[in-house]
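Undergrad: Okay, here's what each chain looks like letter by letter:
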Amino acid sequence: MSVSREELAPNAFGSRLLALTRPGPAAWQNTVATAVGVVVALLLSSALIAATGGSPAASVQALFQGSVADGTAWTTTLLYTAPLLLVAVGACVSARSGVFNIGQEGQVLVGALFAAWVGLRLAVTGPLLLVAMLLTAALAAGAWAGLSSLMYRFRGVNIVVSTLLMTFVAQQLVAFAVNTPWLLQESRVGDAVVSPQSNPLPVSGRLGSFGEYPDLQVNGGLLLALVGAVVVAVVVARTRWGFRLTMLGLNPLAAKHAGVRVNALGGAALAISGAFAGLAGAVLLASPVGVNRLQPGIAMNIGWDGLLVALVARNRPLLAVPVALLFGVLRSGGGFLAATGVPPFLVDVVKALLVLAFVAPPVVTAVIRRRRAGARTARAERRPAPVAEEVAL
Amino acid sequence: MSAADDISTILSSGIRLTVPLAFAACGEYLAERAGAMNISVEAMMLGAAFGSIATASATGSATTGLLVGVLIGLLIGFVHGNLSHRLEINTFVVGLVLNALVLGLTSYLITVSTFDSHQVAQVSVPWLRDIPLIGHPLFVERWPVYLLLVIIPLTWWLVERSRWGLELRAVGEQPQAADVTGIRVNLRRRQALLWCGALAGLGGAYLAVGEVGSFNQNMTAGRGYIVIAAVIFGAWRLGRTLLGCALFGLADAMRLALPALGLTLNSQLLVVAPYLLALLAMLLFATRHREPRALGQPFERGST
Amino acid sequence: GCASNDATAPQATAPADAGAKTDGGTVPAGQPDVNGDGKVVIGVLSPGDINDKGYYQSFVDTAEAFATSKGWTIIKRGSVNTSEALNAARALCQQKVDMVALGASELRDAIPASEEPVCGNTAWYVPSSDNIQQTPKIVLSTDEADQSMLAAGYAAGLLMKDKGETKAGFVTGPEVDFTTTAAKAFKAGIRLVVPEATLTTTYSGDLNDSAKAKEATQAQISQGVKVIYPYLGGATDASAELANANGVATLTPGTDRCASTKPTFDISVLFSPGDYFKAALEEFAAAKLQLGTEKVWKLGVDPFPTVKLCNGTPEQNKQLETFIADVGSGKIDPKAEVQRLGS
Amino acid sequence: MTEDERARELTPPSAPALRLRGIRKSYGPVVACDAVDLAVHRGEIHGLLGENGAGKSTLMKILLGLVQRDAGTIMHGDDPVEIGSPQEAVALGIGMVHQHFSLIEPLTVWENVILGDTGKIDKTAACDQVREVSRRYGLPIDPLARVDRLSAGERQRVELIKCLRRDPSVLVLDEPTSVLTQAESAELFTVLRHVVRSENRAVILISHKLAEITAATDRVTVLRRGRVVFHSGTADTGPQELARRMVGREVSLGAEAAALGMLPVDGPAPGEPGTPGDGTPPAAAPALRLRDLTVTVDGVRVLSDLSLDVAPGEILGLYGVEGNGQATLGDLLSGLVVPDSGAVEISGRPVDLNRPGALHAAGLGIVPEDRHSSGVVLDMSVAENLVMKSLDGVTRRGFVSRRKMYAEARRLVAEFNIVTPSMDTPVRSLSGGNQQRVVLARELSAGPAVLIAAQPTHGLDVGAIEDMYRRLRDAASGGVAVLLISTELEEVMALASRIAVISSGRITGVLSTGEATAERLGMLVGGVAA
Ligand SMILES: Nc1ncnc2c1ncn2[C@@H]1O[C@H](COP(=O)(O)OP(=O)(O)OP(=O)(O)O)[C@@H](O)[C@H]1O
Ligand SMILES: Nc1ncnc2c1ncn2[C@@H]1O[C@H](COP(=O)(O)OP(=O)(O)OP(=O)(O)O)[C@@H](O)[C@H]1O
Ligand SMILES: [Mg+2]
Ligand SMILES: [Mg+2]
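Chains as they are written, first to last, in the working numbering: chain H, 16 to 408; chain C, 45 to 348; chain W, 350 to 692; chain Z, 20 to 549.
Quick caveat, the hints were computed from the structure, so don't treat them as lab data.
Heads up, none of these hints are tricks.
In silico EDC-like links for lysine to aspartate or glutamate, alpha-carbon gap of 20 Å or less: (1) W:402 with C:160; (2) W:445 with H:85; (3) Z:142 with C:204; (4) Z:139 with C:204; (5) Z:228 with Z:341; (6) W:647 with H:206; (7) W:611 with C:160; (8) W:684 with H:206.
Using the sequences and the hints, build the whole thing.
TA: If you want it as structure tokens, here you go:
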């Protein structure tokens, strides 16, 4: 038996940390490839702006102005970051368990729907109302995602497909709720036109915040999301539950074999991911500065983007924090693009290209390495073999 | 107005709403049989719709537009294929990103440009169009509709009868086994995605230069997802998949025509119907036994 | 226990009478350069597609044309999600605009921003149907959809009567309050002329899905409808073209498109937010725009809203003019007429 | 063997049908083939012998164009050839029956047979060809049947037909007998002999079983760690020498014979747990009792009324040909499958099979058949893999204590001689033998009353196999009831005191090692009750 590394290093955790900082050749290549990818993504976006008569420099300036230039801009950025991070953290949990949930957009909506119902209809006052809203949103969206898990468990319905389809169901559900007076549609005042939206939440149903707008104001949702990210990171990395979750994700059969209740655990992971998305929905609804009404468009693609955040962060909850911030920056900065004459849709293009830039490199470097080996093989084929002495048979 | 005319109207309308779905569904069906689960079909349709109108507007020829639409579908299929079946990036991730990218890009471009409206010519088949009930719906259509008469049998033949299709099915079921038999698994999947791209592109382009004549932001409005629902609803059989498309198309036609006949239905329920039906189909008929076994799973030689 | 929905309704607006509203108001110093940075910037937000060649585009186009003529800068942003309205408005304020103009009342959720310090030195222009609460920071511009739609129906009725038709159609997007009330008033207008007329209303679900709008239009045409109102956004032209091809008369949703050749329209219904906005911009340029006021646009009193026949016979034109004047003079009460004939 | 055949074998035709020279292939640091020379002649069955991982399959994949070599030449007749794809190999007349995965189950026989061809599909012609080939070689099969409805033996026939239809001059079979009963193996060898003798083709038969090589081949080449270490006419050598060449050291054909795929020359030493009994279970109360287990999958009875008792301290061998329900039994005892009816009792107490982890909790340890898919988590560390079944022991208030985990892992690594660079090394980068030791260490560390070892030596080299045998014997002598599920006759003969034979999901007989002869077992395996 060889001497193991921990025997030399009394602090095993420290040595693991060290190992993280010591990049292997693959990590180094990945970093370079990612950097190249990001540059390419930005160049492509600039080319798009230039080709359509805009100014890339002005666009960058606008993005900067709108997202991080001052306290006000930061406030908006953080307002977007919070739900993005919540969705992403949830996505990390399900992805860790090997379940790919892509229905977050719908789960955000379901969360917002139920939070709105509780906020507007439950005769609770004070901070309890907010707690009830958040809890209900998480439970409802968790159950919604859990449905996909049940469909898989009992009928073998592919989870990716069912979570995707359920998104469209959720959209119509919300549309129905805000178009139906006995459900959540806003009250008619006099004979005024009513819109497909709910009444605004009472003040007690809104999230608190720190700091005074227009200076930097940190919304309560962000705190919730950060706590969520840390808790999930610790739970996944350190607890028995997290151990089982990781095992399930890496090898479900072995996990089952080791006594893990795979269906329950996988279902729980999916439900938790839905619950986080639902929380994001409630946070969007109860934003300390916001519309505070349930509207069909309330999810604002936060669900899809949050999923992308998790992908870019490679399913690591703590890494998702800066990535969610980056996506928040792009969103809030996008609001400033209009001034440059560049359509804000540019942000969607940049986002998609950036995701590719982050997701592709590890795969690409792996393939290049494989190709190199292949190329060597191809060259070797041209070379005559060393003639071994004739085998007498 | 007679009942026959009403039926004829709804039928016509249903056919027009079905055609773009049917084109794309033929493509998606073939791709899924090869194991390539491809949610970028929405991107293919939308990109093609944009490209076809932009081209038609620039060249004045709707037919050229249609062709360019097909090319754009092919391009997206090519990109998807190379990202997920050469570089082995998760196919769902690629699909999501492409959908977001194309939606963003077309919305961007339509904001900075304006296009004239163009439509391909209508064909009206003499005599046949006078058949009661189905004559008008079936025989007075924009000409690309009749491409379906070729594409549906061709798709069926390709999958069920051609050697290429046999290999596609092998690749969709047991890629490892197909590999040792000498079939290039990822190449076949990329080819399947090209076919899917071309047809989804045709569907999207038809929607733009056949059906509507113009492009507006997000004009496919989720039709790509309906196509995926149709393939699932059809349990990976071509006939049933097309039946699904027709069902969804007709349901829409009914929804749009019924008010004119004096009836109304809950619109949310109707919008959501395709997705609910696909989910129900999966729940009721245990489709897991019909699903290509390697659907959505990447192939890498040497892994089991 | 559960609260009723209405218990949570905002305790708003016992609608004050219009006179009181227009009286007050403040004229911010330095108009049009409200924030005093030496340049005039108008920020426009629109909930719809600002290239729809119709309602939403007209607003932006008007603003742009006016601003250009004055040498002002304009920032325009379309397709703003209602849930994003507030942040979008703030972004404008941060960019030091002198005026924030909302393209439609759907974006009313942006109004709270006008109270925030970031938007301290900005004028606000808000189109409204009458459920938006007046605040000292905003100019409201109100028209009653009932009036223009009733007149539109009246005009359509005139065409139908002369041709002996009784069937009219109304194609619109989602089935929501503003579309259903519009349909109701349109129907009432038609029935003022052709009492036995019927109106078919089809909700395609989406103001911009051209394919579905066309199918809805086609279904109505097949049912023998001879006048169709494509009350749509981006899908308007597709629907109107189809109607043209079938010899069915059409109306415009908001703008004057009598000159348009593809598609052609028979009736222009003018309630374009751009036209109202232009008036406000003129006041703004002349430093006379009073914040905290509401301008109510009345059919028959103001130049807009109004309805005109593109190829009307003198007889028809005269009847329409009379009707509009009667509404303006109060001889006809649109609300009551809609109540009476609209259902 | 007739005089005529013997004569032909001794004077092979001058030009080999195929010759490999200096073939080299490495996978990263692992050199799978190193300067391999090999010549095969028409009219002979050429045995390719080597331990697991010696590079046999790799060499043949190179020949088939599935893997590109790093260096070397392939001579077809007198011409050097490049083989870039299986199609090119087919064009050169090389056909292969693969060790794993090569039939597409949802397709029909004829579709599978023509898969990999080029040109238009002609169903009628394909079916006719299948019938023709199957008649010619005596391999009856329905060309229209779907492959997933066929038994293992029938599938092997399809593979053969698929190859033979293309009229190959060289036919390669990679470990073809592992899924076959003795009768089916005999049938296969008859066909091969026919192919070689009357049709003058060349056959390469790959195996790691000495007995098979000596019985069926004319000529033999031995590979060890990627190199050719020996070649000879089969008649000119013997098991002893082949074994020595294959393993690289002197081995006795007594104790180690089973690890080499030979029946032991002399039985296990008396007094050992594997002592032959009389076929009746020992008097002690059984530690493991399987009662009438029935499992139905897709309407097919995979296990029917299977009952077995295993006493503490005994090794019971469950012998049978692959695909007769052993895998399902293994899954059942892993908690992956719940039976339709029947019960499992451990130490006299029934186990609720619906509860995950119940078997483990009741004192059952298992070395699963496919360690990669269910034994270990390849991407988790050695330490994590070692504790994953006994997490409670290293957990405090829900948190996994790394200190305790490493302590436990270090203890097991030392006790089971697991060679690993560190506790944090992913199990993926351990060798097969060490991965298997990780599994065994984990299972035995829980102090089980019952140990199930399913194909425990698959893919291990002789040294690792011997180690495994020793540890199973030790476990038994320590009072554990061991159920050894194996397809290797030699293995069960060497280890078990009683042998139960499984065929088509039922036990066809239980014999003591003393009464078990290859013939009697062969009949039981074929489903004939003895
Ligand atoms: N795709 C691969 N990547 C990396 N290493 C490989 C790969 N295929 C085989 N090897 C390694 O090459 C060596 C030879 O493998 P090969 O499959 O040729 O052995 P074999 O003699 O056929 O063994 P068996 O009797 O188990 O079939 C082994 O060490 C194996 O781990
Ligand atoms: N898939 C793989 N990935 C990484 N390394 C591998 C892989 N397969 C084999 N190896 C490496 O190749 C070496 C040889 O593997 P193999 O399974 O042939 O072991 P072995 O030499 O037969 O040892 P043992 O006697 O323990 O089975 C191992 O030590 C392992 O490090
Ligand atoms: Mg200024
Ligand atoms: Mg092998």
